[in-house]
Amino acid sequence: MKTEVLTYRSKFHREERIRNRVRIFKSFGRIKEEFKPDILFAHVANEVGKYAAFLSRFHHIPLVLMEHSSTEVSLAGKVGYYISKYVYERCDYIACCSENLRNNLQGYFPALEFHVVYNGIQPVSIMPDQIEKYRIEEHVNIVIVGAFYSLDIKGHQFLLPAMRQVLDKGYKTVLHIIGDGVYKDHFVQMAVELGIEKACIFHGDCSREKVYEIVSQMDFFVSASILECSGVSVQEAMLLGKPVLVTKSGGANSLVTKDTAIVVDKGSTQALEDGLEKMILGYQDFDVDKIKEYAESKFEISHISKQYVQIFSNLISENF
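Residues in the sequence shown are numbered consecutively from 1242, following this note's numbering.
These aren't lab readings, by the way, just hints derived from the structure by calculation. We put the CB at the ideal spot given by N, CA and C, even for glycine. Among the clues, some could well be false.
[Said to hold, decoys possible] Simulated crosslink set (BS3-like; lysine-lysine; CA at most 27 Å straight-line):
no. : residue 1 : residue 2
1   : Lys1277   : Lys1319
2   : Lys1451   : Lys1374
3   : Lys1425   : Lys1374
4   : Lys1451   : Lys1413
5   : Lys1410   : Lys1489
6   : Lys1425   : Lys1413
7   : Lys1273   : Lys1547
8   : Lys1326   : Lys1267
9   : Lys1291   : Lys1326
10  : Lys1374   : Lys1531
11  : Lys1539   : Lys1413
12  : Lys1410   : Lys1439
13  : Lys1267   : Lys1277
14  : Lys1489   : Lys1531
15  : Lys1533   : Lys1547
16  : Lys1499   : Lys1489
17  : Lys1413   : Lys1439
18  : Lys1539   : Lys1451
19  : Lys1413   : Lys1519
20  : Lys1277   : Lys1291
21  : Lys1547   : Lys1519
22  : Lys1489   : Lys1425
23  : Lys1267   : Lys1291
24  : Lys1273   : Lys1291
25  : Lys1273   : Lys1319
26  : Lys1499   : Lys1533
27  : Lys1519   : Lys1489
28  : Lys1277   : Lys1547
29  : Lys1533   : Lys1519
30  : Lys1439   : Lys1451
31  : Lys1374   : Lys1439
32  : Lys1531   : Lys1519
33  : Lys1267   : Lys1410
34  : Lys1499   : Lys1519
[Said to hold, decoys possible] Taking CB as the label site, the calculated pair distances span:
no. : residue 1 : residue 2 : range
35  : Arg1255   : Arg1298   : 46 to 54 Å
36  : Val1357   : His1444   : 47 to 55 Å
37  : Cys1447   : Gly1321   : 16 to 24 Å
38  : Asp1393   : Gly1321   : 43 to 51 Å
39  : His1284   : Glu1518   : 38 to 46 Å
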């Protein structure tokens, strides 16, 4: 069976806010005429969701919203709250990328119904005989993935001092840090000041394939975040069978189980040190196959796609 994907593109310029909105509505008028969609599918209430909500009601098309913006961000201030409320009340189905986000939104809007549909993960095929070697032998290899777009969100300011303390206890370990951003140099300098620069490898910005190659060679994965709506890198690590150390950042810790992770308090160097030590001593006790099976059943893209197909089918049946 042949499948075709029809793509429409509309010009967008950040400095042309009014013209952008006009383009959105004109473009969708053309899409409605030529493609005749049965479902509108949008991401994030405070972003394109607000336009999709209007188009949905104007054209009488059911709206499915995928929400993956944290309540701390999306509902900050009255404007964010009321825009989100306007959109959610006009959705036919609201999917949240984690149980934590679903529970938070349900608390804000108890009269509405929120559901959990995880971010779908497409595994990357890894050819062991063709990839570069990233693992440092005779060391416990740890990896964290996260862009340096903030000084505090990803928790590096707690993780690096925790690494110093672990090294002071005599553990031979190395931290692989994947990600780039305006604050990367700040944390490179922090590693130097802590005297752990030889135990920290900053890989910078990596392709998705390279991320998988690096993570596949590690002993365990760490997420030190202060705030996470979900945690795609956590999901990817578990798909590779890696045990994970996560902080109670919200979304990330709601993705794991006792068989896949160790969970510690967020915003604490001591908590991360305790977690690192516990994982260094016990990562080999985790069942790799169980971690993979859990992640595949929860997050693998084909399962998530089937969920959405069923959601769309149910809405079409109800509305036509």
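What's the verdict on Lys1413 and Lys1439, does the C-alpha distance respect the 27 Å limit or exceed it? OK: Lys1413 and Lys1439 at ~11 Å, within 27 Å.
With the threshold set at 27 Å, check whether the alpha-carbon distance from Lys1533 to Lys1547 stays at or below it. At roughly 19 Å apart (the allowed maximum being 27 Å), Lys1547 and Lys1533 satisfy the hint.
For the pair supplied as a hint, Lys1533 and Lys1519, confirm whether the alpha-carbon distance does not exceed 27 Å. Distance ~21 Å between Lys1533 and Lys1519 Cα, so the pair holds.
Hey, Lys1413 versus Lys1519, does the alpha-carbon distance stay inside 27 Å? Holds, because 14 Å separates the two Cα atoms, which is no more than 27 Å.
Does Lys1489 sit within 27 Å of Lys1499, going by the straight-line distance between their CA atoms? This hinted pair holds, its Cα atoms lying about 14 Å apart.
Please work out if Lys1547 and Lys1519 have their alpha carbons no farther apart than 27 Å. violated (38 Å)
Under the criterion that the straight-line Cα-Cα distance not exceed 27 Å, is the pair Lys1267, Lys1291 satisfied? holds (16 Å)
Straight-line alpha-carbon gap Lys1499 to Lys1519, limit 27 Å: Holds - the C-alpha atoms of Lys1519 and Lys1499 are around 13 Å apart, at most 27 Å.
Starting from the hint 38 to 46 Å, judge whether the C-beta atoms of His1284 and Glu1518 obey it. For His1284 and Glu1518 the Cβ distance comes to about 39 Å; the hint holds.
Given the hinted pair Lys1291 and Lys1326, is their alpha-carbon gap at most 27 Å? With Cα atoms ~10 Å apart, Lys1291 and Lys1326 stay inside 27 Å; holds.
Is the straight-line distance between the alpha-carbon of Lys1273 and that of Lys1319 27 Å or less? Status violated; Cα separation ~33 Å.
Given the hint that Lys1451 pairs with Lys1413, test it: the Cα-Cα distance must not exceed 27 Å. holds (24 Å)
Figure legend: structure checked against the earlier numbered hints; hints not met, in rising order: 1, 11, 21, 25, 33, 35, 36, 37, 38.
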